[in-house]
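Below are the chains, spelled out letter by letter.
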Amino acid sequence: MIPARFDYRRAGSVGEAVALLSEFPGAKLLAGGHSLLPLMRLRLAVPSLLIDIGPVSGLSYVRDEGDHLSVGALTRHRDLELSEVVRREAPVLSYAAGQVGDPQVRHRGTIGGSLAHGDPASDLPAVVLALDGTLVAEGPAGPREIPATDFFCGFLETAIGPDEVLTEVRLPKARGGWSFQKFNRRAQDWATVGVVAVAGDGRGTGPFRVALVNMGLTPLRAAAVEEAAAGGAGPAEAASRAAEGTEPPSDLNATAEFRRHLASVLVRRALEEAMAGERTVA
Amino acid sequence: MSILGHRVLRKEDIKFLTVGGTYVDDVDLPGAAWLAYVRSPLAHARIAGIDVTRARQAPGVVDAVTAQDVGLAPSRMDADEIPEVMARPFLATGTVRFVGEPVVAVVANSLAEAVDACELVEVDYDPLVPVVDPSMALDDDVLLFPEAGTNVVTSIGEPNVEGVGEGSLFDGCEVVVRQRILNQRVAPCPLEVRASAATFGPDGRLTFYVSSQTPFTMREDLAKMLGVDEDRVRVIAPDVGGGFGAKIEPYPDELLVAWLARRLSRPVRWTETRSESMLGIGHGRGQVQYVTIGGSRDGKVAAYYLEVVQDSGAYPQIGALLPDLTKTMLTGTYDIPKAGFFSRSVVTNTTPLTAYRGAGRPEATAAIERSMDLFAAEIGMDPADVRRANLIGADRFPFTTVIGTQYDIGDYQGALDLLLEVSGYKELREEQAGRRRSAAPSQLGLGMSVYVEITNADEGTEFSSVEIRPDGKAVVKTGTSAHGQGHATAWSMVVAEKLGLSVDDVEFVQSDTDIVKSGIGTFGSRSLQSGGVATRRAATRVLEMAKDLAADMLETAPEDVVADPAGGGLQVAGVPSARKSWAELSGAATERGAPLLAEVDYEFQGATYPFGAHLAVVEVDTETGKVVLRRMVAVDDAGRILNPLLADGQIHGGLAQGVAQALLEEFRYDEDGNPLTTNLADYTFVSAAELPSFECARMETPTPKNELGAKGIGESGTIGSTPAVHNAVVDALAHLGVRHIDMPTTPERVWRAITAAAP
Ligand SMILES: Cc1cc2nc3c(=O)[nH]c(=O)nc-3n(C[C@H](O)[C@H](O)[C@H](O)COP(=O)(O)OP(=O)(O)OC[C@H]3O[C@@H](n4cnc5c(N)ncnc54)[C@H](O)[C@@H]3O)c2cc1C
Numbered sequence: 020m021i022p023a024r025f026d027y028r029r030a031g032s033v034g035e036a037v038a039l040l041s042e043f044p045g046a047k048l049l050a051g052g053h054s055l056l057p058l059m060r061l062r063l064a065v066p067s068l069l070i071d072i073g074p075v076s077g078l079s080y081v082r083d084e085g086d087h088l089s090v091g092a093l094t095r096h097r098d099l100e101l102s103e104v105v106r107r108e109a110p111v112l113s114y115a116a117g118q119v120g121d122p123q124v125r126h127r128g129t130i131g132g133s134l135a136h137g138d139p140a141s142d143l144p145a146v147v148l149a150l151d152g153t154l155v156a157e158g159p160a161g162p163r164e165i166p167a168t169d170f171f172c173g174f175l176e177t178a179i180g181p182d183e184v185l186t187e188v189r190l191p192k193a194r195g196g197w198s199f200q201k202f203n204r205r206a207q208d209w210a211t212v213g214v215v216a217v218a219g220d221g222r223g224t225g226p227f228r229v230a231l232v233n234m235g236l237t238p239l240r241a242a243a244v245e246e247a248a249a250g251g252a253g254p255a256e257a258a259s260r261a262a263e264g265t266e267p268p269s270d271l272n273a274t275a276e277f278r279r280h281l282a283s284v285l286v287r288r289a290l291e292e293a294m295a296g297e298r299t300v301a
Numbered sequence: 054m055s056i057l058g059h060r061v062l063r064k065e066d067i068k069f070l071t072v073g074g075t076y077v078d079d080v081d082l083p084g085a086a087w088l089a090y091v092r093s094p095l096a097h098a099r100i101a102g103i104d105v106t107r108a109r110q111a112p113g114v115v116d117a118v119t120a121q122d123v124g125l126a127p128s129r130m131d132a133d134e135i136p137e138v139m140a141r142p143f144l145a146t147g148t149v150r151f152v153g154e155p156v157v158a159v160v161a162n163s164l165a166e167a168v169d170a171c172e173l174v175e176v177d178y179d180p181l182v183p184v185v186d187p188s189m190a191l192d193d194d195v196l197l198f199p200e201a202g203t204n205v206v207t208s209i210g211e212p213n214v215e216g217v218g219e220g221s222l223f224d225g226c227e228v229v230v231r232q233r234i235l236n237q238r239v240a241p242c243p244l245e246v247r248a249s250a251a252t253f254g255p256d257g258r259l260t261f262y263v264s265s266q267t268p269f270t271m272r273e274d275l276a277k278m279l280g281v282d283e284d285r286v287r288v289i290a291p292d293v294g295g296g297f298g299a300k301i302e303p304y305p306d307e308l309l310v311a312w313l314a315r316r317l318s319r320p321v322r323w324t325e326t327r328s329e330s331m332l333g334i335g336h337g338r339g340q341v342q343y344v345t346i347g348g349s350r351d352g353k354v355a356a357y358y359l360e361v362v363q364d365s366g367a368y369p370q371i372g373a374l375l376p377d378l379t380k381t382m383l384t385g386t387y388d389i390p391k392a393g394f395f396s397r398s399v400v401t402n403t404t405p406l407t408a409y410r411g412a413g414r415p416e417a418t419a420a421i422e423r424s425m426d427l428f429a430a431e432i433g434m435d436p437a438d439v440r441r442a443n444l445i446g447a448d449r450f451p452f453t454t455v456i457g458t459q460y461d462i463g464d465y466q467g468a469l470d471l472l473l474e475v476s477g478y479k480e481l482r483e484e485q486a487g488r489r490r491s492a493a494p495s496q497l498g499l500g501m502s503v504y505v506e507i508t509n510a511d512e513g514t515e516f517s518s519v520e521i522r523p524d525g526k527a528v529v530k531t532g533t534s535a536h537g538q539g540h541a542t543a544w545s546m547v548v549a550e551k552l553g554l555s556v557d558d559v560e561f562v563q564s565d566t567d568i569v570k571s572g573i574g575t576f577g578s579r580s581l582q583s584g585g586v587a588t589r590r591a592a593t594r595v596l597e598m599a600k601d602l603a604a605d606m607l608e609t610a611p612e613d614v615v616a617d618p619a620g621g622g623l624q625v626a627g628v629p630s631a632r633k634s635w636a637e638l639s640g641a642a643t644e645r646g647a648p649l650l651a652e653v654d655y656e657f658q659g660a661t662y663p664f665g666a667h668l669a670v671v672e673v674d675t676e677t678g679k680v681v682l683r684r685m686v687a688v689d690d691a692g693r694i695l696n697p698l699l700a701d702g703q704i705h706g707g708l709a710q711g712v713a714q715a716l717l718e719e720f721r722y723d724e725d726g727n728p729l730t731t732n733l734a735d736y737t738f739v740s741a742a743e744l745p746s747f748e749c750a751r752m753e754t755p756t757p758k759n760e761l762g763a764k765g766i767g768e769s770g771t772i773g774s775t776p777a778v779h780n781a782v783v784d785a786l787a788h789l790g791v792r793h794i795d796m797p798t799t800p801e802r803v804w805r806a807i808t809a810a811a812p
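Going line by line, the protein sequences match chains R and F. Everything in the first sequence is counted per our numbering, starting at 20 for the first residue and increasing by one. Everything in the second sequence is counted per our numbering, starting at 54 for the first residue and increasing by one.
By construction, these hints were calculated from the structure, which means they are not laboratory data. For clarity, every value in this text was computed on a predicted model and none was experimentally measured. Even for Gly, the Cβ is constructed at its ideal location relative to N, Cα and C. Any given hint could be a false lead.
To be verified - Cβ-Cβ distance ranges computed for the label pairs, FRET-style: (1) F:D735 - R:F174: 54 to 62 Å; (2) R:E176 - F:L196: 44 to 52 Å; (3) R:D169 - F:R721: 44 to 52 Å; (4) R:G45 - F:N162: 55 to 63 Å; (5) F:R233 - R:R107: 51 to 59 Å; (6) F:T203 - R:G45: 48 to 56 Å; (7) F:V281 - R:E176: 25 to 33 Å; (8) R:G45 - F:V562: 37 to 45 Å.
Said to hold, decoys possible - One-sided and incomplete, this derived list gives chain F residues near chain R with beta-carbon spacing under 8 Å: (9) L164; (10) A165; (11) T326; (12) T643; (13) T675; (14) E676; (15) S740; (16) E743.
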């Protein structure tokens, strides 16, 4: 419960953070700290230097850019939950952010940290995947864009380079039908399985995009379900293909077999809800 | 009007809600070194070698000791049932027997340095085959203590070799139901983990701060370990953040702190981490139960048999003795003509089992209450009706059960009737029937338990003193040791009521062996009926002394002296001007060489048996297996209630923990004995979000066993609620053919049960 020895530096700008990352290969960025610090306390992560990007100004925002929203990497879950723009233009993100952990976690954790951590059990990565988002990472060579579908490479692995900072997430507006089904044993827990469904054309009539939480090494798009739904299959029929292409883990909360079953139930419920059309966040 | 029976606010809360409590870790101990333990990563292994050289050389390290350096005799719980060869060493000696067992103690100038140095200790282990499943421990294929020749620690009763046929307990039964029921191992999880701190004064006396329910036991064990007289040891339990039974028995890793402080001539302190605590503090429950229940189709139960395999963990402690209490409460609230019990306690390569809220009684209640529902389901009768047909009548107390337990007083029928009424049972059954007809994915389940339990089970005494201070306020010093229960308020009420003082004018002292003369502690729902009664008697004595004194001073007869209705002193009845304040009385008494002080060692008149009836209403999502507790209705009768606010607090906490066992919590190991649930997330510790607002209805049937009429209320909530919730989950699925699901009823278990029952 006591982390190994580490140094600590505060970065005042993205450029400074990138420079420090380049200079100290054993360094890690610190955002909300709610994924990194628990690992450090268990000594599962032992960075030699923490670069605190909390002081970087101008990285916490939600902007309406016409056809899409831009969200700063340091935007906290709680801000996403409350943001009027997000509630209107991408309600599924607002709702999902409100389902993360508990209030303390939501007040500290950031969307950038959540995506960069690359945990398949996290909620927001699957939402960004279902929304067909684009991520912006900045390194020594300047910023570059990474489509969400290329971003998650493996368990806790993403496309961000060791000397890059994730700065922004761009999300196409999604005002149509949506659903976020999070199944867990306690309100504060990560999802045993989670399902995100959004209507692709923003009007609630499909094609539907569906993403899965905790059904493999990365957050996943349920391609078979999307294909079935696009071909006119009803929720139950499409949902029967929920587990195709997944490799769910077995852990204390569920075996892989049970996860596959849950995925089909939750995908069906998600599609039913999303197909019912536009809905505001309660 | 008496203050007793009123919802007096907890006077201790002002501190907790403003500046906070003072726990062991908060105690200021200048110059103290920090202790951290290297713990076994293996469940069962021989220690081939330990090298502490690098650790000793690490920055800030003061000492690193192994069992060899310590050289203390192993400590064994003082109970004849526990074999000498199974005694637990202070540090693992030769063999490690569970993951988390302390192997090396490292002391450094700072906690961080101690933890860093632990990583430099090298221990060579030769793995041995672990014994994890208690049922497999019975086979004795692998022995934890080869010298013992068996893994069985102790046993009670005889196995039912006749089965259910002719000549057996169940001879003549129309219906017999059998079931294996797991009463799973749980972790008590007090929010304050274990901690202790030791410092020796210039006079060579030890002062020991510890998070404990039993400071006097701690003093005894420390004196024994150090080889000194008990008066050389002072034990202080400051504010204690929960214990739940797991802080009754002193642990070697907390005692060793004092030994190290003496060795190093320097204060030493230790606070375990949560992950350590999940392995280090004793676990609870851990019974594999085999029930057989038989009777007739009209709902009458004729015979009941319970066989128990009790997991004791790696070193037998209280856990090994829990079956004794399970047997005591075998037949619960029912008049069952024939009953049998057989238990074996076995050692396994897991964390030792100890007392946990209820300790042996919840296991008894779970077994009989599940059995009642199994029997009801088999004969197709409403579980409430089956219970009614078998409850011991209110006119039959004191009642001696077939197993020989004598219940003091009760009204079980009354509790059940009240429960059915306040819960709206009939309407709930109708709602359930409607849902079943509609085949909705969300089904309703109703589960009940009508429980009785035993409190203050041990014979003996408890101490309290009451004294009037020179300023006219009273001070009560008691041998019980509250750790959240609210004794400061309750004991002050008892004194205030007798002496006509306000609750705030009573100072409450506990848990310091130098200030309180003697004591036993707080556990087993014993305190009010032991220390509380002692306090009342002490206050009564002080009042008598004061009346004699006042009569003398006011030149009247003691019978004419009464408490001043305005408070603060005594007066001659009807003559307000003839009055002496408590300060005046205290001064005069001291002058006369007979201070207003009474010390009482109250000897109890036997155990008391609180009872009640609980109903749980659950919704089960039959597609995902998720259970949501919708309502928890509890009727609890713990005799006369001193302060309903405090009683409700005990009931609420108890219900939460009981519900948690039914739905969420289980301490799990893999087959190699690796613990899997070593933090509050993996352990799925219950939170408020998983619980409904509890609905409590009270009954008060005073016990004749003490003048307060009080029974214990600390554990009832846990005891009654677990089987109620458990029964509710099974009930929700009964129409699908489900007969039993082991606890905790996780979504996956529920889903599998539904799938298995499907035609
Ligand atoms: C008790 C608890 C419950 C939780 N429950 C949930 C839950 O139900 N659902 C859920 O989704 N999450 C949950 N979380 C995780 C939480 O959402 C985290 O806050 C989030 O995953 C990480 O965000 P952070 O800002 O805290 O990142 P940090 O912990 O600071 O960082 C995480 C990782 O990302 C890297 N990083 C951070 N920011 C950047 C950046 N801008 N560019 C590049 N790399 C970066 C860090 O170096 C680190 O490796 C829970 C956490 C806790 C402690």
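Do the hints match the structure? See the list:
no., hint, in the structure
1, F:D735 - R:F174: 54 to 62 Å, "violated (18 Å)"
2, R:E176 - F:L196: 44 to 52 Å, "holds (46 Å)"
3, R:D169 - F:R721: 44 to 52 Å, "violated (38 Å)"
4, R:G45 - F:N162: 55 to 63 Å, "violated (27 Å)"
5, F:R233 - R:R107: 51 to 59 Å, "holds (56 Å)"
6, F:T203 - R:G45: 48 to 56 Å, "holds (53 Å)"
7, F:V281 - R:E176: 25 to 33 Å, "violated (59 Å)"
8, R:G45 - F:V562: 37 to 45 Å, "violated (54 Å)"
9, L164, "holds (7 Å)"
10, A165, "holds (5 Å)"
11, T326, "holds (4 Å)"
12, T643, "violated (52 Å)"
13, T675, "violated (10 Å)"
14, E676, "holds (5 Å)"
15, S740, "holds (6 Å)"
16, E743, "holds (6 Å)"
Checked against the numbered hints above, the structure violates hints 1, 3, 4, 7, 8, 12, 13; every other hint is satisfied.
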